[in-house]
Amino acid sequence: AQRVTQPEKLLSVFKGAPVELKCNYSYSGSPELFWYVQYSRQRLQLLLRHISRESIKGFTADLNKGETSFHLKKPFAQEEDSAMYYCALQGAQKLVFGQGTRLTINP
Amino acid sequence: DTEVTQTPKHLVMGMTNKKSLKCEQHMGHRAMYWYKQKAKKPPELMFVYSYEKLSINESVPSRFSPECPNSSLLNLHLHALQPEDSALYLCASSSPTAGTEAFFGQGTRLTVV
Numbered sequence: 001a002q003r004v005t006q007p008e009k010l011l012s013v014f015k016g017a018p019v020e021l022k023c024n025y026s027y028s029g030s031p032e033l034f035w036y037v038q039y040s041r042q043r044l045q046l047l048l049r050h051i052s053r054e055s056i057k058g059f060t061a062d063l064n065k066g067e068t069s070f071h072l073k074k075p076f077a078q079e080e081d082s083a084m085y086y087c088a089l090q091g092a093q094k095l096v097f098g099q100g101t102r103l104t105i106n107p
Numbered sequence: 108d109t110e111v112t113q114t115p116k117h118l119v120m121g122m123t124n125k126k127s128l129k130c131e132q133h134m135g136h137r138a139m140y141w142y143k144q145k146a147k148k149p150p151e152l153m154f155v156y157s158y159e160k161l162s163i164n165e166s167v168p169s170r171f172s173p174e175c176p177n178s179s180l181l182n183l184h185l186h187a188l189q190p191e192d193s194a195l196y197l198c199a200s201s202s203p204t205a206g207t208e209a210f211f212g213q214g215t216r217l218t219v220v
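Chains A and B, in that order, are what the protein sequence lines are.
Read the first sequence against the numbering used here and you will find it ends at 107, with the numbers running on by one and no gaps.
Read the second sequence against the numbering used here and you will find it ends at 220, with the numbers running on by one and no gaps.
Chain B with its partners taken away, still in its complex shape:
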């Protein structure tokens, strides 16, 4: 299984809602990532988990809260988002070794209304 699976594929939420994005991989990768991608822009790194510990937070607002419950799962909890947070959220995983391929999920298309 060489896939990274993200659910849901699409999500519409109000500014007062709480929701979660989920990401799963069974490749034994111990590094997992969240990226945000706006239309016609490159993916922007948000968070990096290495061996289930948060190792990088790219100054992301606290309304985004990542969680890595085990080596196969990565969640992104969302609360009190703004319309400008609407974007494609991508999850990726890789071996923590430098120079190895990152595998990306299809993404969750998030719309904040």
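Isolated chain A, as found in the complex:
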């Protein structure tokens, strides 16, 4: 079975501070992991995926198979980063989401 855990429902940090959104997963096969973001009044959209190993809007995420984690990080938060963030795992044709973390960046 596929399972994604995001332990923090809410996360609030000040502008300019570092951000880390945690994600742990459980999957017996080789996982494909993603972070999706939903800004206010916008559709759910891809932020980044582990296979591309890229930085998008200053965010990075590293897949740690030993710890079964895929935490999302940004060194300096910006107000426009305020949004709902979902970690997602794709396996056997299913894309399954974690519970989500609402990130608020305070000015």
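Here are the simulated lysine-lysine pairs, DSSO-like style, with alpha carbons at most 30 Å apart: (1) B:Lys126 <-> B:Lys147; (2) A:Lys73 <-> B:Lys147; (3) A:Lys73 <-> A:Lys94; (4) B:Lys148 <-> A:Lys9.
FYI, nobody ran anything at the bench for these hints, they're computed from the structure.
Following the hints, complete the assembly by docking chain B onto the known chain A.
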């Protein structure tokens, strides 16, 4: 065109009504999905179509009936719904290849009265 379009945006229906939700994409994606999202909850997978064939049904009640008439269209037929079925219904599409991005529609906000 990198959009997934869902119609209608809002739908109110009675428990005895029959209605359909529609989803369209022109990105050539051969995998399409229906998700249900309740308030303050993540999207929950309902159905997956791969190459126009139903490949996954997540034990969804039969009052929800999906249909994929061609590679660009996905429908969700609704009949005899319950008030607890009120939710945001999201459609998504992707290439069937693992690790590719799923594109989501804006959703249909369904209210069952």
